[in-house]
Amino acid sequence: AQKITQTQPGMFVQEKEAVTLDCTYDTSDPSYGLFWYKQPSSGEMIFLIYQGSYDQQNATEGRYSLNFQKARKSANLVISASQLGDSAMYFCAMREEYGNKLVFGAGTILRVKS
Amino acid sequence: EPEVTQTPSHQVTQMGQEVILRCVPISNHLYFYWYRQILGQKVEFLVSFYNNEISEKSEIFDDQFSVERPDGSNFTLKIRSTKLEDSAMYFCASSESPGLYGYTFGSGTRLTVV
Numbered sequence: 001a002q003k004i005t006q007t008q009p010g011m012f013v014q015e016k017e018a019v020t021l022d023c024t025y026d027t028s029d030p031s032y033g034l035f036w037y038k039q040p041s042s043g044e045m046i047f048l049i050y051q052g053s054y055d056q057q058n059a060t061e062g063r064y065s066l067n068f069q070k071a072r073k074s075a076n077l078v079i080s081a082s083q084l085g086d087s088a089m090y091f092c093a094m095r096e097e098y099g100n101k102l103v104f105g106a107g108t109i110l111r112v113k114s
Numbered sequence: 115e116p117e118v119t120q121t122p123s124h125q126v127t128q129m130g131q132e133v134i135l136r137c138v139p140i141s142n143h144l145y146f147y148w149y150r151q152i153l154g155q156k157v158e159f160l161v162s163f164y165n166n167e168i169s170e171k172s173e174i175f176d177d178q179f180s181v182e183r184p185d186g187s188n189f190t191l192k193i194r195s196t197k198l199e200d201s202a203m204y205f206c207a208s209s210e211s212p213g214l215y216g217y218t219f220g221s222g223t224r225l226t227v228v
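Here the protein sequences line up with chains A and B, keeping their order. Residues in the first sequence are numbered consecutively from 1, following my numbering. Residues in the second sequence are numbered consecutively from 115, following my numbering.
Bear in mind the hints are in silico, worked out from the structure with no lab data behind them. Just so you know, even glycine gets a beta-carbon here, dropped at the ideal spot from N, CA and C. Worth double-checking, as some hints may not be accurate.
[As the list claims (entries may be wrong)] In silico SDA-like pairs for lysine to any residue, Cα to Cα no more than 25 Å straight-line: (1) B:Lys171 x A:Ala106; (2) B:Lys156 x A:Leu48; (3) A:Lys70 x B:Lys156; (4) B:Lys156 x A:Ser28; (5) B:Lys156 x A:Asn67; (6) B:Lys171 x A:Gly52; (7) A:Lys70 x A:Thr60; (8) A:Lys3 x B:Ile152; (9) B:Lys156 x A:Ser42; (10) B:Lys171 x A:Glu96; (11) B:Lys156 x A:Arg72; (12) B:Lys171 x A:Ser28; (13) B:Lys156 x A:Thr24; (14) A:Lys113 x B:Gln155; (15) A:Lys113 x B:Gly154; (16) B:Lys156 x A:Glu44; (17) B:Lys156 x B:Arg194; (18) B:Lys156 x A:Ala106.
[Claimed, not checked] DEER-style ranges, computed between Cβ atoms: (19) B:Val138 x A:Thr7: 34 to 44 Å; (20) B:Gly154 x A:Gly85: 15 to 25 Å; (21) A:Gly43 x B:Ser172: 17 to 27 Å; (22) A:Gln56 x B:Asp185: 39 to 49 Å.
Please construct the entire structure, taking both the sequences and the accompanying hints into account.
Okay, structure coming up:
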């Protein structure tokens, strides 16, 4: 079964506008963690933001925020005020309670237009 | 900021040859991982390592693969007899504790099997 689903293979956004990248997940564990990583064309994996399943508030890190809707099992990444340097592949990932590995989604390619 | 170091950044090898990919995790981290990303595809978990032994491995991690922490600082992935389909980006990651959002990825080694 697909644990992490990213339904948007590619997205375009105008510079300075906000964009939402979708992520839904599937788990029966009560405790889990959700992660977003950015992979620019150079290939490295850059950690962006984390949300724990018991966190009461949505996570925020600078221009990144995570719209966590637990009942819907979604953890969408919101990037505000997009910049040209935000153009990259974005991966959603999950760690379940009984395990320490990350399971990744297929990724979304974001292109920021000037 | 502490980082995970991977060497080499790119390796080309003949099919059937052995390769060793090297990683230096962050010094106070206790959990180590290898992931693989075939070009244009999702990031896949290979193996996790804790307390000098494998704690979890995926179906991909068959008898051709092995991991080792030979000297307390390096963490290596060995592929005994490479196949064309082993061509991929290999990421090493480390974490202080999987319960925290402390997964740090290296910049990756791009392995090309010819």
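These are the hints, each one checked on the structure:
This hinted pair checks out: B:Lys171 and A:Ala106 have alpha carbons roughly 20 Å apart, not beyond 25 Å. Restraint check for B:Lys156 and A:Leu48: satisfied, since their Cα atoms lie roughly 17 Å apart, inside the 25 Å limit. For the given pair, A:Lys70 sits about 24 Å from B:Lys156 by alpha-carbon distance, which is consistent with the 25 Å threshold. Between B:Lys156 and A:Ser28, the direct Cα distance comes to roughly 23 Å. Compliance with the 25 Å bound is thereby established for this hinted pair.
Simply put, B:Lys156 and A:Asn67 have alpha-carbon atoms about 22 Å apart, close enough for the 25 Å limit, and the pair holds. Distance check on the hinted pair: B:Lys171 and A:Gly52 sit about 24 Å apart at the alpha-carbon level, within 25 Å; holds. Taken as a hint, the A:Lys70 and A:Thr60 pair is honoured in the structure, with Cα atoms around 16 Å apart against an allowance of 25 Å. Restraint check for A:Lys3 and B:Ile152: satisfied, since their Cα atoms lie roughly 19 Å apart, inside the 25 Å limit.
Under the criterion of a C-alpha separation no larger than 25 Å, the hint pairing B:Lys156 with A:Ser42 is consistent with the structure, at around 16 Å. Annotation: proposed proximity of B:Lys171 to A:Glu96 holds, straight-line Cα distance about 15 Å (limit 25 Å). Of the supplied pair hints, the one linking B:Lys156 and A:Arg72 holds, its CA atoms being roughly 23 Å apart against a limit of 25 Å. For the given pair, B:Lys171 sits about 21 Å from A:Ser28 by alpha-carbon distance, which is consistent with the 25 Å threshold.
Distance check on the hinted pair: B:Lys156 and A:Thr24 sit about 15 Å apart at the alpha-carbon level, within 25 Å; holds. A distance of roughly 24 Å separates the Cα atoms of A:Lys113 and B:Gln155; the hinted pair therefore holds under the 25 Å criterion. The straight-line distance between the Cα atoms of A:Lys113 and B:Gly154 is roughly 22 Å, inside the 25 Å bound, and the hint therefore holds. At most 25 Å may separate the alpha-carbon atoms for a hinted pair to count; B:Lys156 and A:Glu44 meet this at roughly 13 Å.
Proposed proximity of B:Lys156 and B:Arg194 is supported: the alpha carbons are some 24 Å apart, at most 25 Å. Restraint check for B:Lys156 and A:Ala106: satisfied, since their Cα atoms lie roughly 5 Å apart, inside the 25 Å limit. Separation of B:Val138 from A:Thr7 is about 37 Å and conforms to the stated range, judged on CB atoms against 34 to 44 Å. For the hinted restraint 15 to 25 Å between B:Gly154 and A:Gly85, the CB-CB distance of approximately 22 Å keeps it satisfied.
Judged by the Cβ atoms, the range 17 to 27 Å given for A:Gly43 and B:Ser172 holds: they are separated by roughly 21 Å. For the pair A:Gln56 and B:Asp185, the beta carbons lie near 43 Å from each other, so the given range of 39 to 49 Å is met.
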